[in-house]
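Q: Keeping their order, the protein sequence lines are chains A and B.
Heads up: the first sequence at position 18 corresponds to 28 in this note's numbering, and the numbers run straight through without jumps.
Heads up: the second sequence at position 16 corresponds to 193 in this note's numbering, and the numbers run straight through without jumps.
Some clues are possibly wrong.
Said to hold, decoys possible - If you only want the chain A side, here are some residues facing chain B, beta carbon under 8 Å, derived:
1. ALA23
2. PHE45
3. ALA49
4. ALA77
5. LEU144
No lab work stands behind these hints: they were computed from the structure.
A virtual CB, placed ideally from N, CA and C, is assigned to each residue, including glycine.
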Amino acid sequence: MIPQSQRAVSFLAQRLLTHVLPDQRTAFGAADVAFLSLAFEMVAQDLERGVHARLEDIRELRAIFGAARRLGPPDSLVARLAAAEARELTDLRLGPLDAVHAQHAAAGIELHAWIEEQRGPEAERLDREIWQHLERHAERHRYDVNF
Amino acid sequence: MTLAIEELAERLARYLSERDGAPTQVGEVARIPGGASRETYRLKVTQRAATRGMILRRDPESSLIDTDRATEFAAYAAAFRSGVIPVPEPLVLERTGGPLGRPFSLTAEICGCETNIQLLRPELRAKVSAQKWSILGRLAALDVDALGIRAELAIPAREDCARRELEYWAAVIAKDALQPQPIAEAAVRWLRRNLPPAPSKLALVHGDYRSGNFLFDADGEIRGVLDWEMAHVGDPLEDLAWSFDPLWAWPDVQLAGRLAPRLEAIRIFEAASGLKVDLDVFRWWEVFAALKAAAIWVSSAEDFAHGASKEPILAIAGWMTLDRQNRILVDRLSPLSRRVYTERLERK
Numbered sequence: 011m012i013p014q015s016q017r018a019v020s021f022l023a024q025r026l027l028t029h030v031l032p033d034q035r036t037a038f039g040a041a042d043v044a045f046l047s048l049a050f051e052m053v054a055q056d057l058e059r060g061v062h063a064r065l066e067d068i069r070e071l072r073a074i075f076g077a078a079r080r081l082g083p084p085d086s087l088v089a090r091l092a093a094a095e096a097r098e099l100t101d102l103r104l105g106p107l108d109a110v111h112a113q114h115a116a117a118g119i120e121l122h123a124w125i126e127e128q129r130g131p132e133a134e135r136l137d138r139e140i141w142q143h144l145e146r147h148a149e150r151h152r153y154d155v156n157f
Numbered sequence: 178m179t180l181a182i183e184e185l186a187e188r189l190a191r192y193l194s195e196r197d198g199a200p201t202q203v204g205e206v207a208r209i210p211g212g213a214s215r216e217t218y219r220l221k222v223t224q225r226a227a228t229r230g231m232i233l234r235r236d237p238e239s240s241l242i243d244t245d246r247a248t249e250f251a252a253y254a255a256a257f258r259s260g261v262i263p264v265p266e267p268l269v270l271e272r273t274g275g276p277l278g279r280p281f282s283l284t285a286e287i288c289g290c291e292t293n294i295q296l297l298r299p300e301l302r303a304k305v306s307a308q309k310w311s312i313l314g315r316l317a318a319l320d321v322d323a324l325g326i327r328a329e330l331a332i333p334a335r336e337d338c339a340r341r342e343l344e345y346w347a348a349v350i351a352k353d354a355l356q357p358q359p360i361a362e363a364a365v366r367w368l369r370r371n372l373p374p375a376p377s378k379l380a381l382v383h384g385d386y387r388s389g390n391f392l393f394d395a396d397g398e399i400r401g402v403l404d405w406e407m408a409h410v411g412d413p414l415e416d417l418a419w420s421f422d423p424l425w426a427w428p429d430v431q432l433a434g435r436l437a438p439r440l441e442a443i444r445i446f447e448a449a450s451g452l453k454v455d456l457d458v459f460r461w462w463e464v465f466a467a468l469k470a471a472a473i474w475v476s477s478a479e480d481f482a483h484g485a486s487k488e489p490i491l492a493i494a495g496w497m498t499l500d501r502q503n504r505i506l507v508d509r510l511s512p513l514s515r516r517v518y519t520e521r522l523e524r525k
């Protein structure tokens, strides 16, 4: 196991900037190393938060799916929501978790499109909840890098 | 096929010698950073005792933007012929794989300039912004029928401009997304529900008109508009909105392109183009600009994951810039938007 893996990758990113970049003989080579360092820094951030961010997205979407049922969505959409909710969150490796996350996100897109076609205060409220979720989703996955 | 610099110079020299019927030497070849949609090189070409700096743009194995080199060259040529848009002189177009294995073009080099707007002295901002949006206004004012571009660029019906561009980029997202894109999909639906009216005129649209894609000198003179690979004919507001996207000014998102307040840039554009910008219509193009950019970043991530090239800039675009573009789109579209990245434009 790599202890404090986020910090380890971040150190490697810094090392590229401080020790490899200065030895580059061309502007293209220097830019390439700088981009690699930036990419490593993003990998470091994802390493730390990747599972948490995906689980939070799924948790919020499940709450939205539950609320949406009160508006009587069509059977096909109800089935899509139920299929996503039925997935167990036992395998937290990023690959399997990504598949479950994608299934929820796809069902969420379908639900959002349906909600936009509905009228009334309940539909409006749910539309706002979805947008709040999308805002939090975007913030959860943001990269804080100096570029 | 990756070519070493020496091999590339030798092949290009042989090609130009045969093409022009004169012995040619190619030297001082250096690859230029950036230019993710094409491999870009600066070089010197010596022919008939004269040496000239040139820029070589060679199609890459994988690209941020999948466009036809001939389209870009035709747009460069049209802008150059117009005499009112500063562009490097287009010199050679090789459409086949030819001697370099992939299509390429050569343009004249414009020396002594920068593209990085962060290197511009603050006191020159007003001068550069006046030129930047005046040039765009002049481009918008050009008569598309007089540009001689029909062979390479489709001329859409005015009422089809917005829908055509939207559906093109929506299809890119549908095809290339490695994971569902709930924010971009919400934007596509909003754009479909709110299509703008036809523009009063068609224009040659640069397609990537932003800080970073024009050359300015130490005195703040804009000497050349670059990177016409997404050029097409369409609504002139498209370029204006693209030039305003907060991504191009990050993190100083309050100034368009790090240069000027947006309403000031609009005023400059209107004066040069003779067009009046309807801010409600313009909002559609601002959202479209963010969506188109998101589509390019989605495509970059796909290229990095599955394409032939593993250039790190493709990963950066697919990860970091898509993250920022998602935040911009939410900011533009959410009914609860706190307007962190985008202001709502209103004339006083």
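Q: Output the indices of the hints that this structure fails to meet, ascending.
A: 1, 4
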